[in-house]
Each structure stands twice: as structure tokens, then as C-alpha cells.
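Given next are the chains, with one letter for each unit.
Protein chains: 2
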Amino acid sequence: MDNRITAKIISMEDIISAGCFDVDKTVAVIEKALISYKNGRIIMPDKISQIFDEKTQDRINCMPATLLDEKICGLKWVSVFPDNPVLRNVPNVSGLIVLSELERGFPVAVMDGTFITAFRTACMGAIGAKHLARPDSKVIGFIGSGEQAKMHLITMKHMIPGIEVCRVSSKDSVSEMSFIEEMQRRFPDIRFESCASDYDRASTGADIIVTAVSCQAPLLKAKTIKDGAFYCHVAGWEDEYEVPLKADKIVCDQWECVKHRTQTISRLYQQGRLKDEDIYADIVDIIDGTKPGRENENEFIYFNSVGLSFIDVAVAYSFFKQVTDTGSGTDWDIKNSAFI
Amino acid sequence: MDNRITAKIISMEDIISAGCFDVDKTVAVIEKALISYKNGRIIMPDKISQIFDEKTQDRINCMPATLLDEKICGLKWVSVFPDNPVLRNVPNVSGLIVLSELERGFPVAVMDGTFITAFRTACMGAIGAKHLARPDSKVIGFIGSGEQAKMHLITMKHMIPGIEVCRVSSKDSVSEMSFIEEMQRRFPDIRFESCASDYDRASTGADIIVTAVSCQAPLLKAKTIKDGAFYCHVAGWEDEYEVPLKADKIVCDQWECVKHRTQTISRLYQQGRLKDEDIYADIVDIIDGTKPGRENENEFIYFNSVGLSFIDVAVAYSFFKQVTDTGSGTDWDIKNSAFI
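In order, the protein sequence lines correspond to chains A and B. Okay, so the first sequence: first residue is 1 according to our numbering, each after it adds one. Okay, so the second sequence: first residue is 1 according to our numbering, each after it adds one.
Just to be clear, a hint being listed does not mean it is correct.
Since the list gives no way to pick one copy over another, a pair counts as held whenever it fits inside one copy or between any two copies.
Mimicking DSS-like on lysine-lysine, the simulated pairs with C-alpha atoms at most 30 angstroms apart in a straight line are [unchecked claim]:
(1) K171 - K25
(2) K71 - K246
(3) K38 - K55
(4) K291 - K259
(5) K321 - K8
(6) K321 - K275
(7) K55 - K71
(8) K226 - K32
(9) K32 - K47
(10) K8 - K171
Don't read these hints as lab results, they were simulated from the structure. Note that this is a predicted model, so its numbers are computed, not measured.
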């Protein structure tokens, strides 16, 4: 019997140096995965969330999924420790992804999951923008200025190249300045504005609004949102209830998932103030043409994604193939022999 | 901000060369973990089982758990593809274990989980034997002759050194002979008997019976079991219903887990032929002295363990510490920098 089991070890640097930091390719992978799920070609069990501190919401999420057509079963193992940046000077999110093949059931890859988490989330936001933002959007406003906010600017600007003004608001102005310094180098054609922690200033009159924060508080106010805006809700509960209630259309990555969480619209649903029929569509129904996306210049469209394990697995698998094709990553012999 | 995330990569060979293949130490770790769970110091969510083929039962199990006192959250990711040995000449089980710390939520180790799965299972069987077998047991009979059977002989012989006869039965005599050849070298003081696929011959009159097979069929017959025997049920449904119905005591690793599975006693429970009060104890209640184990020479005691994720995590964490202490394993930089 052949007792050897091996896998590829893939770091974030392997992923990036293999050219995987590519919005168009990743958007295509995500759209394809959403359609596969709709066609019943994906298994997505409920995620398991282990919460270690009710107050801080320190947690580790265990998110398995299977791509039946690709014959790949995978798992994202991701921690969210919201106080990490302030208390420990380290990122709040860290993750690993494991991929196994379905011929023998053996592992094929263990990969960094931190970059994939941030990038797939921002690509999902960009997919929302592609279908739901005004194509002539010029002003983007951020509440939050961390890695997830930066990643969203990168994918949104790629999708809507006409963005020319970026306003950024955060609880401290040091991180606003650090956001601007970093992003200005990447996008010399964008004019950046620091909002000095005035969240209203970031959202007032913006064509695209992104909230990417780790706190739970109604920071985004409905009155600041103009007609025709696209709002990409990334975190949990960071907008007042009037925001979704004011929306002309609410679109989700998957409403059936969202409704059981603690998102702003989940809370409204649980309170009976929002019903299934108030949700316009899941994004896949717009991608595949079942429903139109934006239909006029005046709609305010609210987009809420909570993150789906099969998207992580699909993106990781596409990265795995690209890393392997470029001869990158490290071979790991998990075991070479029988036990005894 | 420090954006570096690292973990130890630990192969089976790292685990074994660090001296972790130690029955006494591992039994102590498992007994301690069982008591911790009883004291409410462990989180064990339900495992997620993704089944890819209803007929073959090819599956990948996702088994997370948290050791609150050790501040370690871990996961076993383990596949069971029963046809692998016959169709593909590879093992039916392969696994990985991930461990994360609970200060920052970062991963600390990615480890082989195949050896740990087999070894912790066999150590649990040995714990059963310690408390439930006659200490003067001399004859052990196996139904099944694969890696899991061999592993059980190693741990049982360690626990009950008086074992002097080992009978082995399997669906083909080639694997009986290979079991005997391998085990005879390790235990020159044991007399081995090949049963030529006659399962009854392996169990008749044996003091200790172990069934470790991957098929689902009532191979072990009640009439072959003598008074005073200890039966260690390792697989799923491999004994006829009369076996547990005949038992003087039924002991589980955790009845609340077992009852919802597809074990022989779970099936009886689901049919209403076995009730909660028919289960004598969970093994922890015997370990901590709440209930006596074996009380006389004539009891036939039935022991059923299904495998608990926190045992995997506890054993893996003890191995991780030992591997790290011996300077073994490989450091892996999951990521070295910010994304952008």
C-alpha cells in the first residue's frame, strides 16, 4: 500500500507572487461559483462559530464547503479578534484554508486564508458595484480605513475606473492618513479627503459608500445618503436601521444565510420590520440575468454580503492551481509511511 | 502593525521522532481531557460530516473543539473513503489537524492527523481495557487486520501485558498474514493465530475482542462471546444486535454523541430497543470514580467509542508541545506582511 500523503503549503507571498491578486479573474471565479451553487453543484454546511468572549466577540469560524464539479472539498478556518489591532498591534483576522481532493479524500493544499478572506470580500463588493452602482460613479466614501477598506478601494476602482474622489473616515485620523498615504501612491488620479472622524462627511453625497469597520454601532446615517447611491455593507451592524429601510433595492450575497446572522438587515428581519419579500434579490439572480440590477439613476441600492464558505474554497482552489502552475508553493510530506 | 503570521508544520515523522508514540502519556492526556469536558472546560460543537457518496460513504468530517484551560482551539479535518485500500491501494483515512491560540486567534500548528486519529482511537480502547477488561486477560481476538487493528494490539498489549494469544480474522487471509508478520516482530512473546476469515474463531472464548473493520455488517456473533469478556467496538455496525443486548454493562466514550450516530447501539436506541438507562456509564464516570468499572469476573462489558473532536485536539496539542520542545517540525511563514 502507498502510505504517502503530501500537500502543497502556500503562503500569502506565494499567492501574490503567482499573480493571483487579479480582480477580473477572481470576480469570474466568484460569479461562476455563485451560479454553481444555484445549480445545486455545491455543498455548503452551516458554518460553526466558536465564540470565546461574548463581550469582545473573539471567535474562530469553521467554514467547510464542497465544489462537486471540481471534486474539491475545502475548509476556511478563520479567526476574528476585533481588539487585536488596538490592544495587540496585530491584524484582527487570520485564516487558513485546507483543500482536499475527492478521489481518495486526501489533502492537497494548506494555504494562507487571511489574504483570500480580504480579497474575496472586496471582489464580492466589486461584483455588487458592477451590477448595482451607477456606472458614472465618481465619489466613493469609506467608513473604516483598515485593510478591508483599502482592499475595497482597489477592487472598486478597478470595476468603476471613473472614481476620482475618495473620502475616508475612521475613529482616528492617524489611520485615515495612513490609508490615504498608501492609496495615493497606488492611485495618483484619485483625490483623497480625510474626514477627521466625521462619518457623515464621508457618506454625504457619495455615489458609492463602503462601511468596513469592526465595531457594532449605527455609524452610517440614512439622511446622508443621496439618491442613486450604491452602499456596500461589509461588516455587521454599522448603519442605522433607516438605511436599509430607505433602500429602493436590497441585494444580498445570499439572503438565506444573511437572515440568520446579526447584520443590520438580519436584526430588522428578526424584529419583523423586514420580510423576505423586501429583499430584492440575491446577487446571483442579477449575475445570471434572472432579475435586472440597477434600473435607473435614482435608485438607492443596499448590498449586504456576509461571506460564503464556498466562495473561499472556489477562490482558494483557483489560486492553488495558479500557484501550482507557476511552480510556486512548498511540497510538504504529511506522512511518508505506515504508522507502525 | 506586525503583520506576520507563522505556524509549525508537523508531519507524522516529526510526531513519531519526537517520541509521541507513547501509550501512557497519551492515555493520561485523554483521561485529563475527558475530565475537563465533564467540568465544562471544553467546547465541542457538533461535527460536520460531508458525505459524497451514499453507497460508499466516502466522507470528510470537520471536527472543531476548544480547550479553554489550555487556550487552544483546534480542528480535525479527516476523510474516510472506505474503498481506498481495495480500489486505490491507499489508506482509507487521511487527516490534518489545525491548532490556534486564543490570545490573538492565530494558527500555531498544522499537523498530520492520520496517525493521531489511529493512535488516539487505540488509546481510548486501551483506556476501556484498563477499566473494563479482566486484568488477567490472556486471549485477544481481532475482527479486522488493518492499521487500526494493529494499533489496538499495540495499546492493548501495553495496558494488559498478560496478553499471550492473538487471533486475527479478516476478509482475506493475505492481510491476516501481513498483520501477524508485522506484529510478531514487535511482540515475540505473543502466539498469533490466523483464523482464515472465520470471524467466530477469533471471538470464541477470547478475553478481549476488538472489531476494527470498514464494512457495515453483523460480523461479531453474540453466541461466540464468553462470560467475562471485554468487547471494544471500534467501527460502526459490525456486531449483531444480540451482542449489546447480551452485555452486562455498556460503556461509551460519550453516549450523548453515540446515540445520534449509526453505531450498533445507536441503531438499537433509534429503534427503541435500547434506552438511555440501559447505558451503564460514559468512560469518564469510571475514570473519575463516580461509578465502578468491572465489578466481577463474569461481566461481559461492551465499550463503544465514536471519537470526540476534543480528544484529537488535546492529543494534538500535547504532541505539538513535545515536537516543539525537541526542536522538531518546520516553521512556516503563512504571511510576512500586510496585503497591499
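Okay, the hints, checked on the actual structure:
1. For the identical chains of this complex, K171 and K25 are neighbours neither inside a copy (34 angstroms) nor across copies (51 angstroms), given an alpha-carbon limit of 30 angstroms.
2. Proximity of K71 and K246 under a CA criterion of 30 angstroms is satisfied in neither setting, with 43 angstroms inside one chain copy and 44 angstroms between copies.
3. For a Cα distance limit of 30 angstroms, the shortest separation of K38 from K55 across copies, 25 angstroms, qualifies, whereas the shortest one inside one copy, 36 angstroms, does not.
4. Taking identical chains as interchangeable, the C-alpha atoms of K291 and K259 lie at most 30 angstroms apart only when both belong to the same chain, with a minimum of 21 angstroms there against 46 angstroms between chains.
5. With identical chains, the CA atoms of K321 and K8 are at most 30 angstroms apart both within one copy (11 angstroms) and between copies (24 angstroms).
6. Within a single copy, K321 and K275 get their C-alpha atoms no closer than 41 angstroms, and across copies no closer than 51 angstroms, so neither meets the 30 angstroms cut-off.
7. Taking the shortest Cα distances, K55 and K71 sit within 30 angstroms of each other only across copies (17 angstroms), while inside one copy they are farther apart (40 angstroms).
8. In the homo-oligomer, the alpha carbons of K226 and K32 never lie at most 30 angstroms apart, since the shortest distance is 32 angstroms inside one protomer and 60 angstroms across protomers.
9. Taking identical chains as interchangeable, the C-alpha atoms of K32 and K47 lie at most 30 angstroms apart whether they share a chain (21 angstroms) or sit on different chains (29 angstroms).
10. Taking the closest pair of Cα atoms, K8 and K171 never come within 30 angstroms of each other, the shortest separation being 40 angstroms inside a single copy and 36 angstroms across copies.
The structure fails hints 1, 2, 6, 8 and 10 (numbered hints given earlier, in ascending order).
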